[in-house]
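Asks: Those sequence lines, one after another, are chains A and B.
Quick note: the first sequence, position 133, residue 133 per the working numbering, numbers continuous.
Plus 1000 on top of the position in the second sequence (first one is 1) and you've got the working numbering.
Keep in mind that the hints were calculated from the coordinates and are not lab data.
Ideal placement from N, C-alpha and C gives every residue a C-beta, glycine not left out.
To spell it out: a stretch of chain B is covered by chain A in this simulated footprint if at least three of its residues, at any positions, have a beta carbon under 8 Å from a beta carbon of chain A; those stretches are:
#1 1086–1100
#2 1182–1190
#3 1212–1220
#4 1251–1262
#5 1279–1290
As a plain string of letters, each chain reads:
Protein chains: 2
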Amino acid sequence: MALVVVGSVALDDVYTETEQRTGILGGSASYFSMGASVLTDVKVVAVVGDDFPDEYVELYRTRNVDTEGLVKKTGKTFHWAGRYSADFSTRTTLATDLNVFAEFDPKLPNSYRTASHVFLGNIEPGLQHKVLDQLESPLFVAADTMNYWIDHSFDRLMALLPRLDMLLINDEEARLLGRSSSLTAAAKKILALGPKSIVVKRGEHGASLYHEKGSFFLPAFPVKQVADPTGAGDSFASGFMGYLAGRVPGTPSFEDLKQALAVGTAVASFTVEHFSLDGLLHLDANKILERYQTLLDLVHIDPITTL
Amino acid sequence: MALVVVGSVALDDVYTETEQRTGILGGSASYFSMGASVLTDVKVVAVVGDDFPDEYVELYRTRNVDTEGLVKKTGKTFHWAGRYSADFSTRTTLATDLNVFAEFDPKLPNSYRTASHVFLGNIEPGLQHKVLDQLESPLFVAADTMNYWIDHSFDRLMALLPRLDMLLINDEEARLLGRSSSLTAAAKKILALGPKSIVVKRGEHGASLYHEKGSFFLPAFPVKQVADPTGAGDSFASGFMGYLAGRVPGTPSFEDLKQALAVGTAVASFTVEHFSLDGLLHLDANKILERYQTLLDLVHIDPITTL
Chain A
1 MALVVVGSVA LDDVYTETEQ RTGILGGSAS YFSMGASVLT DVKVVAVVGD DFPDEYVELY
61 RTRNVDTEGL VKKTGKTFHW AGRYSADFST RTTLATDLNV FAEFDPKLPN SYRTASHVFL
121 GNIEPGLQHK VLDQLESPLF VAADTMNYWI DHSFDRLMAL LPRLDMLLIN DEEARLLGRS
181 SSLTAAAKKI LALGPKSIVV KRGEHGASLY HEKGSFFLPA FPVKQVADPT GAGDSFASGF
241 MGYLAGRVPG TPSFEDLKQA LAVGTAVASF TVEHFSLDGL LHLDANKILE RYQTLLDLVH
301 IDPITTL
Chain B
1001 MALVVVGSVA LDDVYTETEQ RTGILGGSAS YFSMGASVLT DVKVVAVVGD DFPDEYVELY
1061 RTRNVDTEGL VKKTGKTFHW AGRYSADFST RTTLATDLNV FAEFDPKLPN SYRTASHVFL
1121 GNIEPGLQHK VLDQLESPLF VAADTMNYWI DHSFDRLMAL LPRLDMLLIN DEEARLLGRS
1181 SSLTAAAKKI LALGPKSIVV KRGEHGASLY HEKGSFFLPA FPVKQVADPT GAGDSFASGF
1241 MGYLAGRVPG TPSFEDLKQA LAVGTAVASF TVEHFSLDGL LHLDANKILE RYQTLLDLVH
1301 IDPITTL
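Kindly produce the complete structure, drawing on both the sequences and the hints.
Replies: Shown next as structure tokens:
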């Protein structure tokens, strides 16, 4: 089984109260690839400019990520810059220079087309369709999206939803897409639009899974200190999809999806408690398993039979 | 075992987009008493004015709440008015007329002094001390507080904390009192101030328990529709304390506190999905038990042994 990810690869400038780094490797596909590669074989589809440092391509390769689909174009790499408030409650975007990413036209190498799992990172829904069209018969398809596409590519997004086994969105996007202030009601409406399941990422409040078999909720892992929340959502997705592609043969059950959600929660916690990709670069399966167990303890409660 | 509650009894005007009622029974002690009386014997300590309708005293009595400590004074009853936004994300306070509540001087009837459990609702910490001083040897003492007392009665609140088995506060108050934007860090600091345990109420995001034996987290019950969030926190406390006083003999263990938290979560869900006290007035233990089980299913996840 192999996991294809399509998304952005960027050069980021990240500013927190205590640390700042410029020109560092970022983008949804980077966080996703580094996280998922702990658990499965990852094949990345993305575009970079001719300014993209070789050492970052090398970083992908040291994690055994297949970079045949990482295309280099003339021009500059996607550049993003952001500053977090001292308590990380708000983020100010200082720059979003799409550069070569503006003309991104994902083409899958032949060796990618038989992949069993695919994660469509947050790109224009028309491009997400295009990636899916190039895959032979994936077992499990998940996609991210954002407010901008809900507003500006609504029809293409609507046509994508029935092609998905899983839609991964945050709570704000879920409320917008499901047209309800109640997450439960919004999730129900989104399920009716076609995806087989939904995961709503709620940041520090955890994540919820909605599926025809039922719902599941897990809090965020209680990290001692946040260093840099960049890439938390993509790291979550990487653990989720990495677990399914690497550890779950066949079509995942509701129970498998719950476990994938917990693995994603664990992986995201390593990202946020370190700066940039640092938390993912030294990650291994045992560290994830340890936090998985801590999460289970955190929600463990005994039944009561009478009241 | 008996449960004493001290708090406000008010006449409320509540406005939501679809419903409005004026002059209705409200206040922390009302929500708490109606909820807890499903599970245990409740004795209320509060003050009302001479305008307080007999039918509301009668309502307390139909729920078998001991009203010997409900004192009537010359003047008007505490009056609160508030309006919720259409999606219940914000509440505008239209009036807070303390009236006789401004001179509240809680005196416990003799028959209250041997109570095993006490809930000190959100009143001035000096008055919370005064209530505690009148109790012989309570088994379990819980208190609520608010930002205003953290700012204005800090020393008296600090002196109260070591007298508490449980401090019940919301996330904003926890961050203020624990001086950290991280709830985990804030809770740790508050525990060091003396209370044996803390429950942080996080509204639609659920509630967390912090205790020397560990932490526990439970999401909110996924109600289909919110009708009126007034009293949700006091209803949560009522289920929590009602369970301990009515169903747990002796000093509660960490496991007992988790179960109490789940019972509180269930009771609060009935409050918010109905207007005013309506959800509590037709509540019984079986309905609570049913939602307790639903909550357990919502967080149930199987271990994984290898990854």
